[in-house]
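Chains A and B supply the protein sequences, listed in that same order.
Sequential numbering from 32 applies to the first sequence in the working numbering.
Sequential numbering from 32 applies to the second sequence in the working numbering.
No wet-lab data here; the hints were simulated from the structure.
Computed from a predicted structure; not experimentally measured.
Misleading hints may appear alongside valid ones.
Heads up, the list lumps identical chains together, so a pair's fine if it works in one copy or across two of them.
[As the list claims (entries may be wrong)] In the DSSO-like style, the derived pairs of lysine-lysine whose C-alpha atoms are separated by at most 30 Å in a straight line are: (1) 242 to 222; (2) 34 to 374; (3) 85 to 374; (4) 34 to 78.
Protein chains: 2
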Amino acid sequence: MAKRIEGTTPKQDGYRMPGEFEEQEQIWMLWPWRNDNWRQGAKPAQKAYVNVAKAISEFEPVTMCVPPTQYENAISRISEVNNGNIRVIEMTSDDAWIRDCGPSFLVNDKGGIRAVDWEFNAWGGLVDGLYFPWHEDELVARKVCELAGVDSYKTEGFVLEGGSIHVDGEGTVMVTEMCLLHPSRNPDKSKAEIEDMLKNYLNCDKVIWVKDGIDPYETNGHIDDVACFVAPGEVACIYTEDKDHPFYKEAQAAYNFLCEQTDAKGRKLKVHKMCVTKLPCYLKDADSIDYSEGAIPREEGEISIASYLNFLIVNGAIILPQYGDENDALAVEQAQAMFPDRKIVGVQTTEVAYGGGNIHCITQQQPKVK
Amino acid sequence: MAKRIEGTTPKQDGYRMPGEFEEQEQIWMLWPWRNDNWRQGAKPAQKAYVNVAKAISEFEPVTMCVPPTQYENAISRISEVNNGNIRVIEMTSDDAWIRDCGPSFLVNDKGGIRAVDWEFNAWGGLVDGLYFPWHEDELVARKVCELAGVDSYKTEGFVLEGGSIHVDGEGTVMVTEMCLLHPSRNPDKSKAEIEDMLKNYLNCDKVIWVKDGIDPYETNGHIDDVACFVAPGEVACIYTEDKDHPFYKEAQAAYNFLCEQTDAKGRKLKVHKMCVTKLPCYLKDADSIDYSEGAIPREEGEISIASYLNFLIVNGAIILPQYGDENDALAVEQAQAMFPDRKIVGVQTTEVAYGGGNIHCITQQQPKVK
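Using the sequences plus the hints, can you model the full thing?
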């Protein structure tokens, strides 16, 4: 059985969270099924998830974790695209965002691998969380660690989602104030105390605090819709000059801010621009989503957070959201410029945006142990 | 994803089921939880299963598969005895008999491993099955194969439980007529057709048909309470000279029959005697078992099938049931005589007998690939 490590922190034990661009062992995903979040019984979402898994599986193995009531269906749908690189494992969940409820894997320089199992409260708990209860999601990180045979640190009483952090693997972590200082996460902790937690559990020396995300209501502004590390010393950031775009203000502010930042090693960041969709993405057909007391209702015409920045880096490729938007091709081109040595694989994932996130939110990388 | 192999049989593909005494990779188990089968909310049964897992884990890894509602409890109970060799994985089930609903693993002589995923109908389906429904148990073999990364053959329309067969790994399979010819299993198939299925899916040339088991009502007479292979050419069989013992007739008949049999290679079988309990074991405290429409009720004073023969062979050891009976020590002694090179580890498992089986019934070995 994988152990809980108690009494020490990753920093003390010499473990760090590697950059997403470092070599990976596999990608973990959770299967979508909530009829009160996803349109049309989650069938279109399942198709999108399968397409994402398929795209990733061309480059590295995928483990798709599926609630018991969906096991046969998932096996059947995935077998249609299966190249032998996608495993289907039973795992109960409350929804399908393993970036946020899954573990953050850590490595050391001696071939060791561990993970942080953050406290999870469905993006805000009883203050402004998205659903209740979330106890199955809370167990996901533990179950993944057990499957992977990886010992973990549990941050009892410290709430964090994996989508609210991005690291460079060399001592720098990037977050938003909007999310990490939100009263629904760790209201009893000061900014300095939160910095300390990040530094101790990710083994970082510097926290870059972007002010706002573009999603104030659902994730409370996760960094992974706004900016990420492309390589040590290099970040990508959403960018638009269209003053009428709903993300204009936050994108401009984040871009200008990041251009002035240095990382833990004192390097001034190189900032790559990533476009936003030409047209904002609004939820359609909300009537096909079930009503339930336990989940925040989705409404026709609400804005969906369709960010190209929410891509996933895998071995040799970038799995990039596409929305059927005029700027899809530009996003591919910009991603290729940032990652000249990786293949850019676009996947149509508007359906995932309708549900509240995108490719980065629905995946979790397990780094390769060297 | 592990594949379903279609259009061929293990025999055609050169795969055979190895003897249990051949080297193993790990043992699979399922966690007991049914309040309508186990006493006192299954808590005593869980303790017994943990003790069995602990005993095995001294010799090889164990994967304990646990329904989602029991995951935290199982993690907690197992962590008390954990030596790092027991994994706890989520798996929904209808009950906890992985010998019968799990896969039968197969190997070839080129380092390959596959499995047979038999059709499962809860020991008799709508004729005399023990509970309804059994659809989660039916998926257990598939889920285990997926976790193990092992391709499988599905015997659509052919019902069999792993506890109703024992093989020598060299072309012989031993079964009972009571079970395999029971009208609740494959009533549309003749004895010859059933022989063919066994030969094709286990890669055997000879079927040894013991007439009766000792458990006519629950398993309909599984062989694994009566006799098993100890080595090629050697079997163990239950034996008693006590004419008043409830298993006397069947034990005598099986012993005398096996003494006259030859195996697929023409060897006359050497038959080791395994005692039965001095006193029969009767269910107590049945009032602590829930009533449900879906399960056959257990009644105070019903006989429990407490057989020492229902042991498990693991690498370097025998995990042997103990019942607090006068003959416990004799069973250990007899097992040691059959297996001079293995350690005999007794585990108190009366509670498992109360639920309908014992150590062999609740475990499934995955052979080592050479």
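Check: Given identical chains, is residue 242 near residue 222, meaning Cα to Cα at most 30 Å, within a copy, between copies, both, or neither?
Finding: This pair counts as within: shortest intra-copy Cα distance 13 Å, inter-copy 76 Å.
Check: 30 Å Cα cut-off: does residue 34 pair with residue 78 within a copy, between copies, both or neither?
Finding: between (36 Å within a copy, 21 Å between copies)
Margin query: Regarding residue 85 and residue 374, is the shortest C-alpha distance of 30 Å or less found within a copy, between copies, in both, or in neither?
Written below: Close inside one copy (15 Å), not across copies (48 Å); limit 30 Å.
Notebook entry, point to check: Between the shortest in-copy and the shortest cross-copy C-alpha distance, which are at most 30 Å for residue 34 and residue 374: within, between, both, or neither?
Noted result: Between. Shortest inter-copy distance 29 Å satisfies the 30 Å Cα cut-off; intra-copy 37 Å does not.
Violated hints: none; the structure is consistent with every hint.
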